[in-house]
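**Q** The lines below spell out each chain.
Protein chains: 2
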Amino acid sequence: MQNTSPNDLLLDQQLCFALYAASRTVTAAYRPLLEPLGLTYPQYVAMLVLWERDGLTVRELGERLLLDSGTLTPLLKRLEHAGLIVRARRQSDEREVEIGLTRSGRALRARAEKIPACLLQQCGLNPVVLVRLRGGLNTLTENILSNPQGVCA
Amino acid sequence: MQNTSPNDLLLDQQLCFALYAASRTVTAAYRPLLEPLGLTYPQYVAMLVLWERDGLTVRELGERLLLDSGTLTPLLKRLEHAGLIVRARRQSDEREVEIGLTRSGRALRARAEKIPACLLQQCGLNPVVLVRLRGGLNTLTENILSNPQGVCA
DNA sequence: AGCAATTAGATTGCGCACGATCTATTTTTG
DNA sequence: CAAAAATAGATCGTGCGCAATCTAATTGCT
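As given, the protein sequences belong to chains R and P, one line each in that order.
Going letter by letter, the first sequence gives residues 1289 to 1441 in our numbering.
Going letter by letter, the second sequence gives residues 1289 to 1441 in our numbering.
No lab work stands behind these hints, which were simulated from the structure alone.
Heads up, a few of these hints could be off.
Any copy will do: because identical chains look the same in the list, a pair fits if it lies in one copy or spans two.
[Stated by the list, open to error] In silico SDA-like cross-links for lysine to any residue, where the CA-CA straight-line distance does not exceed 25 Å: (1) LYS1402 x GLU1368; (2) LYS1365 x ARG1312; (3) LYS1402 x THR1429; (4) LYS1365 x GLY1412; (5) LYS1365 x GLU1351; (6) LYS1402 x LEU1433; (7) LYS1365 x ARG1347; (8) LYS1402 x LEU1299; (9) LYS1402 x LEU1297; (10) LYS1365 x LEU1299; (11) LYS1365 x LEU1298; (12) LYS1402 x ILE1432; (13) LYS1402 x THR1427; (14) LYS1402 x ASN1431; (15) LYS1365 x ARG1399; (16) LYS1365 x GLY1423; (17) LYS1365 x VAL1337; (18) LYS1402 x PRO1324; (19) LYS1402 x ASP1300; (20) LYS1365 x SER1380.
Turn these sequences into a full structure, and let the hints steer you where they fit.
**A** Below, the structure written as structure tokens:
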């Protein structure tokens, strides 16, 4: 266990805050680019997954995005209402809902294609730093998720 | 401008998603530690700032946390309702609302003191990696915020 | 077969985030 | 000094996130 010092509670010391601030800032940077496509950022990442693999269930999509049905169900309803996807119960297992892209949903991909490069530029990080940053974040996420539930809770 | 390739839209390529996932995962790791204190994560970071410097205005707090009054006003009302802070108009400038810690709000700091070390351990990153990660995130945030508004929008 | 346990998704409630708008108070300016 | 502009915060509406609960379908067990 670490030694505790009085500056442990300084905001600028916190990795969590750097993470929280960066995440919101990056999401905000996406906003003007996604707005013409009629997507929010969470809707965009859901579409990314569906563009990779059509016909996933809500559960599979949730595993990929680390989101549960409480978040996904209304989000997917909005995408369906926007005409980008269809939601249908599987006949093989009526508990599962399969998400299929519509023609319009597939077509949207082309309009999204320039977004990553545009954001990459706004980030202003050289590729090596960026890849290391992404790697560090993934390691962090994995470490916490694989934690045997609250070591010092 | 970067060259665009078809894999630019792969979820696992996106720094933004690593960031989005890590931020939510870390916040989730805080939740069981903050719950006994009666705080949410955004409330916790607000308290961190106030523990550093009591008597800030809503605007100053917002500048520190990158949050606006639409988010802070209700959050601060909840903290006030919990008896941790008081909100009062400044007599020098009636537009400003000053946030003061109550005795109870100041006392809560002691109970929060062990949280950072606990989370640090859950992150499972060695200090060098962690500091570099935090630095990279701060650079990223600064780069985007200092961007002359949508270079390739 | 029949009943319990599990699983997938939907629903509800609360607390952020954030754009947009509104009110009240200063500050600036002609 | 009076009108206009700027500023601080509050309010409202929408869309997440996530815990908790509910329903319906499937699986497991005896």
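**Q** Indicate, hint by hint, whether the structure satisfies it.
**A** For each hint, the structure was consulted:
no. : hint              : in the structure
1   : LYS1402 x GLU1368 : within (24 Å within a copy, 46 Å between copies)
2   : LYS1365 x ARG1312 : both (24 Å within a copy, 22 Å between copies)
3   : LYS1402 x THR1429 : between (28 Å within a copy, 21 Å between copies)
4   : LYS1365 x GLY1412 : neither (35 Å within a copy, 38 Å between copies)
5   : LYS1365 x GLU1351 : within (18 Å within a copy, 35 Å between copies)
6   : LYS1402 x LEU1433 : between (32 Å within a copy, 21 Å between copies)
7   : LYS1365 x ARG1347 : within (15 Å within a copy, 37 Å between copies)
8   : LYS1402 x LEU1299 : between (36 Å within a copy, 15 Å between copies)
9   : LYS1402 x LEU1297 : between (41 Å within a copy, 9 Å between copies)
10  : LYS1365 x LEU1299 : between (38 Å within a copy, 21 Å between copies)
11  : LYS1365 x LEU1298 : between (41 Å within a copy, 23 Å between copies)
12  : LYS1402 x ILE1432 : between (33 Å within a copy, 18 Å between copies)
13  : LYS1402 x THR1427 : between (28 Å within a copy, 23 Å between copies)
14  : LYS1402 x ASN1431 : between (32 Å within a copy, 20 Å between copies)
15  : LYS1365 x ARG1399 : within (22 Å within a copy, 42 Å between copies)
16  : LYS1365 x GLY1423 : neither (33 Å within a copy, 39 Å between copies)
17  : LYS1365 x VAL1337 : within (16 Å within a copy, 39 Å between copies)
18  : LYS1402 x PRO1324 : within (13 Å within a copy, 46 Å between copies)
19  : LYS1402 x ASP1300 : between (34 Å within a copy, 17 Å between copies)
20  : LYS1365 x SER1380 : within (22 Å within a copy, 50 Å between copies)
Violation of the numbered hints given earlier is confined to hints 4 and 16; the remaining hints are satisfied by the structure.
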